[in-house]
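Q: The residues making up each chain are set out below.
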Amino acid sequence: MTIGQKFLVYLTLFAFLPSTVVIYIGWYLSCREIRSVNDQNLLALHAQVTAQIENFIGDGLELARAMGQSPPVVEHVAQFEPGSTHETLLIRTLANATTLDPVFFNSSGILNLYGLNIVDSDASRIRKDEANSAWYTRVLSNETVQLVLDRDQLGRFNGLVFSAPVRNADQRVLGVIRNRYEITAIQKIMYEANVSLGPGTYLTVVAEGQLMADGFDYKRIGLPIPEFEATQERTLAWGHFSGAAHADRLVLQNLNTAPWTLILVQPFERYTRQERHIGITLLFLGFCLFALISLAALSVSRQIVFPLREVQSKAALLAQGQLHLHIEEAGPRETQQLAKYLNEMAARLEDLLEDLNQQIHNRKQAESAVLALNAELEMRVEQRTQELAEINRELESFSYSVSHDLRSPLRAVDGFSRALEEDYGHLLDSAGLNYLARIRRGAQRMGQLIDDLLRFSKLSRTELVLKTCDLGQMTAQIFEDLQASEPNRKVKWRIHPVTSVQADANLIHVALENLAQNAWKFTAQREEAVIEFGQFEENHEQIFYFRDNGAGFDPAFADKLFGVFQRLHDQNEFPGTGIGLATVQRIVHKHNGRIWANAQVDHGACFYFTLPSF
Amino acid sequence: MNKSILLVEDDPDDQVLTIRSLRKSRGVKEVLVANNGVEALSILASMEEGCLPVLVLLDLKLPKMDGLEVLRQIRASERTRFLPVVIMTSSREERDLSACYANGANSFVQKPVDYDAFTEAVHQLGTYWFEVNCEPPCR
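Just so you know, the protein sequences line up as chains L and F, in that order. In terms of the working numbering, the first sequence is residues 1 to 614. In terms of the working numbering, the second sequence is residues 1001 to 1139.
Pulled out of the complex, with its shape left as it was, chain L reads as follows:
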């Protein structure tokens, strides 16, 4: 949900609904007030018209009663004789009375006790028998003043008749006085009341289920009025016509002085129109309010949402990596701060990226430097390898020369010494022969030395050819050869069975030979020489050993034992070149093994070595 949508929802919840409720309540209250005021007005109007009618009727009744009791009238009636002065005077009196209301008071007459009209202001009515009329019978039976509605031949109301008894001083009834008013007198009152009313509203007087006066249309008098239902409300009856096309509001009240009812009719439309009018006005006002709020909301949302959208779209671009963008710091403070922070973040990110790029650049440079260094190193290694190969070749040709050129003179020395001995031996004494022998021994030892050295120097150039070797068998063979070379020596062999190893057979044979010869040599002075070859395991390592009970050596010099030309014994005592153990060590090292020794002077020596499997 976007902020705009949320805003709309909140606007509806917090502005639209309450204002709608307020408008409705206002409308409702207004309607009630309108009805109340209208009702007051209606009641007042009704009361006013009622009073007018009642006044008129009251005046009429009072006049009739007064005339019935006025002494001249009583006297004239008492002494009435047709054609007498009483008659004349009586007519004059009655005629004078009608002048009180020349428009509607149309006749005043007196009936005798038999109901015969004896005198009348309207000459046409004299001598008429009115014994059956209501005004005559009611007055005679009640002896009070009466109001009677008169009808024409068609039965329509056309007059009001006030009748009262004529009494003498003894209260004896002498006759009945009858004052007749045109119905239009009421019609006039109604007219005057109705003309001031608005359209649709009218007053009407009904009696005996018929319309009596409505103030406008004389012809409508006597028409039956529609039935209506009335409810008692306050002191008045309220109601409406049943079966009417549209609902009317009725105010009706029976007159105190007459059996009539004054009905004030107001169509409900009056209310509803007013109410609708107010409703529309309120709705319009509400709409205006809503529009105003909406405008305000729009403007607020413009102030909030638009800058936010701006920030949002820019932030989206930021997210895509356009870090150099600058977001305008506009709109409300929060948005400004948001933009500001985003800008700061982008700037920091840009810095970081720059750092990162720098680092990457540096690393790449370092890598290329390392690569260059590696290449250079490889080049150097190759160069060194070539140099080494060159040196090796040189060494090879050197040793080749050595083997040739050093041996030839030695051979000459030895050979000619021998020749001298053979050819001229008889001329030499024993000392001379001894010297010759010494010369020859020296030459031969030199030759041996050269052979050993050459073999030793060749070792490092030899490639290992690994095979499964049985060291025990090899050692046994070597011992056999040694024993054969010196059959007089008594040596006890102890060769223990050992495990097979992967080794270069030729080299390992040389090594075993050297060790065996070593042991053989240094046990020469033992009467019971014992030489032992075996194997044991220590720290998961197979260790081979050669042990003898020979001359041994000072353990302080154990580390010097394996150096070239290192000798721990006199040449006279134990002859040797001092190369043998160096050769053994080199062979063992070429097999990634170790060699060491321990010994005591005169208590024999033990040589240990390992040959790890490759």
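Derived from the structure by calculation, the hints contain no laboratory data. Some clues are possibly wrong.
Stated by the list, open to error - To give an idea of the interface, some chain F residues facing chain L are shown, with a C-beta separation under 10 Å as derived from the structure: (1) Arg-1020; (2) Lys-1061; (3) Val-1109; (4) Lys-1111; (5) Pro-1112; (6) Tyr-1115; (7) Glu-1131.
Said to hold, decoys possible - With a straight-line Cα cutoff of 16 Å, these simulated EDC-like cross-link-like pairs (lysine to aspartate or glutamate) come out: (8) Lys-1024(F) to Asp-423(L); (9) Lys-467(L) to Glu-1094(F); (10) Lys-492(L) to Glu-538(L); (11) Lys-1024(F) to Asp-405(L); (12) Lys-492(L) to Asp-481(L); (13) Lys-458(L) to Glu-527(L); (14) Lys-1024(F) to Asp-1116(F); (15) Lys-458(L) to Asp-1116(F); (16) Lys-1061(F) to Asp-405(L).
All residues carry an ideal CB built from backbone N, CA and C; glycine is no exception.
With the hints as your guide, set chain F onto chain L.
A: Positioned in the frame of chain L, the structure of chain F alone reads:
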């Protein structure tokens, strides 16, 4: 039949010692000495057909032309193709051994420093090649 032997040796000491040892072998009538390879080849070339030496004792380290080249030339020539050649030299290098045998040397002997052993070796050579071995057919 000329029972001669051709000794190709540049070292005069070795020449003397070798000749001295050869003298003790009965079959050897004549010892021809060449001081270098070129000389050895020219001696062989100058010899008549059927008068080739019984054996050539060839040293490897020689001035002008080394023993291996002499051997090649001998084997290359139709005349001397079957001539027994024994290499007699101070060293015993692997590559020399294989090169010599590859080029048709009949034997390879290392000269021992010990003169007694040297004499014994030469003596045995003379005995073998002159008395035991059957010569290749003459051309």
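Q: Could you run down the list of hints and mark each one as holding or not?
A: To see whether the hints hold, each was checked on the structure:
no.: 1; hint: Arg-1020; in the structure: holds, 6 Å
no.: 2; hint: Lys-1061; in the structure: holds, 5 Å
no.: 3; hint: Val-1109; in the structure: violated, 13 Å
no.: 4; hint: Lys-1111; in the structure: holds, 6 Å
no.: 5; hint: Pro-1112; in the structure: holds, 8 Å
no.: 6; hint: Tyr-1115; in the structure: holds, 4 Å
no.: 7; hint: Glu-1131; in the structure: violated, 24 Å
no.: 8; hint: Lys-1024(F) to Asp-423(L); in the structure: holds, 14 Å
no.: 9; hint: Lys-467(L) to Glu-1094(F); in the structure: violated, 21 Å
no.: 10; hint: Lys-492(L) to Glu-538(L); in the structure: violated, 27 Å
no.: 11; hint: Lys-1024(F) to Asp-405(L); in the structure: violated, 26 Å
no.: 12; hint: Lys-492(L) to Asp-481(L); in the structure: holds, 14 Å
no.: 13; hint: Lys-458(L) to Glu-527(L); in the structure: violated, 37 Å
no.: 14; hint: Lys-1024(F) to Asp-1116(F); in the structure: holds, 12 Å
no.: 15; hint: Lys-458(L) to Asp-1116(F); in the structure: violated, 28 Å
no.: 16; hint: Lys-1061(F) to Asp-405(L); in the structure: holds, 9 Å
Violated hints, listed in ascending order, are 3, 7, 9, 10, 11, 13 and 15; each of the other numbered hints is respected by the structure.
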